[in-house]
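Participant: Below, each chain spelled out in residue letters.
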Amino acid sequence: MPPIQIVDYGAGNLASVLKAFAAVGADARIAATPNALDSAGAIVVPGVGHFGVTGTLSEAWRSSIRAAITARTPLLGICLGMQWLMSGSDEAPDTAGLGVFPGRCVRLGGAVKVPHVGWNTLETRGESCPLLDGIGAGAAAYFTHTYAVPVIDEAIATTTYGQTFAAVIAIDRILGVQFHPEKSGSAGLRLLANFARLARTTNSPC
Amino acid sequence: MLTKRLIACLDVRDGRVVKGVNFAGLRDAGDPAELAARYNRDGIDELVVLDISATLEGRRATLKTIAAVSRTLFIPLTVGGGIRSIDDARAVVDAGADKIAINSAALDEPPLITELARLYGSQAVVVAIDARRRGDRFEVLSRSATMHARPDAIEWAREVEARGAGEILLTSIDADGTRAGFDCDLTAAVSAAVNIPVIASGGAGEPAHFAEVFGRGRADAALAASVFHYAEHSVGDLKRFLAARGIPMRLIW
Numbered sequence: 559m560p561p562i563q564i565v566d567y568g569a570g571n572l573a574s575v576l577k578a579f580a581a582v583g584a585d586a587r588i589a590a591t592p593n594a595l596d597s598a599g600a601i602v603v604p605g606v607g608h609f610g611v612t613g614t615l616s617e618a619w620r621s622s623i624r625a626a627i628t629a630r631t632p633l634l635g636i637c638l639g640m641q642w643l644m645s646g647s648d649e650a651p652d653t654a655g656l657g658v659f660p661g662r663c664v665r666l667g668g669a670v671k672v673p674h675v676g677w678n679t680l681e682t683r684g685e686s687c688p689l690l691d692g693i694g695a696g697a698a699a700y701f702t703h704t705y706a707v708p709v710i711d712e713a714i715a716t717t718t719y720g721q722t723f724a725a726v727i728a729i730d731r732i733l734g735v736q737f738h739p740e741k742s743g744s745a746g747l748r749l750l751a752n753f754a755r756l757a758r759t760t761n762s763p764c
Numbered sequence: 006m007l008t009k010r011l012i013a014c015l016d017v018r019d020g021r022v023v024k025g026v027n028f029a030g031l032r033d034a035g036d037p038a039e040l041a042a043r044y045n046r047d048g049i050d051e052l053v054v055l056d057i058s059a060t061l062e063g064r065r066a067t068l069k070t071i072a073a074v075s076r077t078l079f080i081p082l083t084v085g086g087g088i089r090s091i092d093d094a095r096a097v098v099d100a101g102a103d104k105i106a107i108n109s110a111a112l113d114e115p116p117l118i119t120e121l122a123r124l125y126g127s128q129a130v131v132v133a134i135d136a137r138r139r140g141d142r143f144e145v146l147s148r149s150a151t152m153h154a155r156p157d158a159i160e161w162a163r164e165v166e167a168r169g170a171g172e173i174l175l176t177s178i179d180a181d182g183t184r185a186g187f188d189c190d191l192t193a194a195v196s197a198a199v200n201i202p203v204i205a206s207g208g209a210g211e212p213a214h215f216a217e218v219f220g221r222g223r224a225d226a227a228l229a230a231s232v233f234h235y236a237e238h239s240v241g242d243l244k245r246f247l248a249a250r251g252i253p254m255r256l257i258w
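These protein sequence lines are chains H and F, in that order.
Under our numbering, think of the first position of the first sequence as 559, with each following residue one higher.
Under our numbering, think of the first position of the second sequence as 6, with each following residue one higher.
Some clues are possibly wrong.
[What the hints assert, rightly or not] With a Cα cut of at most 20 Å, we get these calculated SDA-like pairs of lysine to any residue:
| hint | chain 1 | residue 1 | chain 2 | residue 2 |
| --- | --- | --- | --- | --- |
| 1 | H | 577 | F | 163 |
| 2 | F | 69 | H | 576 |
| 3 | H | 577 | F | 46 |
| 4 | H | 577 | H | 686 |
| 5 | F | 69 | F | 122 |
| 6 | H | 671 | F | 68 |
| 7 | H | 577 | F | 68 |
| 8 | H | 577 | H | 561 |
| 9 | F | 69 | F | 98 |
No lab work stands behind these hints, which were simulated from the structure alone.
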């Protein structure tokens, strides 16, 4: 199977994601240039930090990622990488997201401390999705973020902190998680293993 | 529901885990990578590696230890001790740290907080504050509690938040090593003054102390070292104790 390619655009601790895939026996590499995505078994867009940083995902990256989506290559956006799959974010209104999911990221509100940091529980929604296989109801994952994706129709799991937001989104083989599976202990490793398995099938998971 | 976090601290000197009582009288408590792997299995929520001798002796955190610890760890790892510059921070992040804790360097050069936040994001910047009671206030000390640094911990906490810190690791020098409980007045006052998470540290001795600091102390997370290292209370047992008292916990099943 061709390796999972992790997009290196200068945001996020790629080494952590790499180590976590290695721990579940998946072959993952760092994609330094968009060409590397042409033969990818699956693609991960990691990321942490300010939405404006996604501006470094050039048109070349965007077109390679769009081409991969058209070819039904599984795609996983993590944290900022998930937010980038939306049309944009209030955090950086001039930076366009990829726009494969509808809607914009909004700042977390309510009478809570922001950023949202720590382990919070996942509530699944709708039909069960193979991405969440083995991740029990009420499992906790590690979050660290200030902006969030609203509960859109494509949300397959939600989390509540001040307000309820989308924790996991999915369309066909395009997936996004707001939390950091590479930092979410055994539940996170299970999710990454489930994602790696997708690359070996042509299933539409969700 | 957001859970309260239990964080194990590995105070590391010369590559080994040690734990001080009021920052003196160290005892050897084991190998860092071994302990980290055990905590990970036990369900600890986060790990902090602090090179406790680094600031005092001008020694930088041992990158080899961090790399060994991070290899088996799939929970957040914070590293502190001896980080005085962007280059120091980059070295620990490259070795596998998710967050950087700074203490004396933040006091000596506050703009470093903002520089680190710009480079790695606020979520990666933990400012450690060592405070002790002085009259009706809490003062801030630096250099492993040997130098007076700021007159008021509350003001300093507000300042580090404004400069871009993502979390505050708050140690009570009075309580540290006593095992008589956290200084809940200190943690409650700082927690109320800022809008970022506060990690309480110093004084943990028994399960009830954690319940107290998450309740009256308003802490978002609690850090301890010796209570966990010597396996007097397993992490799982402590979490079940706290969950039974209505404190939201991440339980491993």
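Participant: Confirm or reject each hint.
Facilitator: Quick rundown of the hints versus the structure:
1. Between residue 577 (chain H) and residue 163 (chain F) the CA atoms are separated by roughly 36 Å; this puts the pair beyond 20 Å, and the hint is violated.
2. Taking the CA atoms of residue 69 (chain F) and residue 576 (chain H), the gap is near 19 Å; set against the 20 Å cutoff, the hint holds.
3. This hinted pair checks out: residue 577 (chain H) and residue 46 (chain F) have alpha carbons roughly 17 Å apart, not beyond 20 Å.
4. The suggested pairing of residue 577 (chain H) with residue 686 (chain H) is violated, with an alpha-carbon distance near 28 Å, which exceeds 20 Å.
5. At roughly 25 Å between alpha-carbon atoms, residue 69 (chain F) and residue 122 (chain F) are farther apart than 20 Å, so this suggested pair is violated.
6. For the hint pairing residue 671 (chain H) with residue 68 (chain F), the CA-to-CA distance comes to about 33 Å; that exceeds 20 Å, so the pair is violated.
7. About 17 Å separates the Cα atoms of residue 577 (chain H) and residue 68 (chain F), which keeps this hinted pair within 20 Å; it holds.
8. For the given pair, residue 577 (chain H) sits about 14 Å from residue 561 (chain H) by alpha-carbon distance, which is consistent with the 20 Å threshold.
9. Annotation: proposed proximity of residue 69 (chain F) to residue 98 (chain F) holds, straight-line Cα distance about 12 Å (limit 20 Å).
Of the hints listed earlier, those the structure fails to meet are numbers 1, 4, 5 and 6, in rising order.
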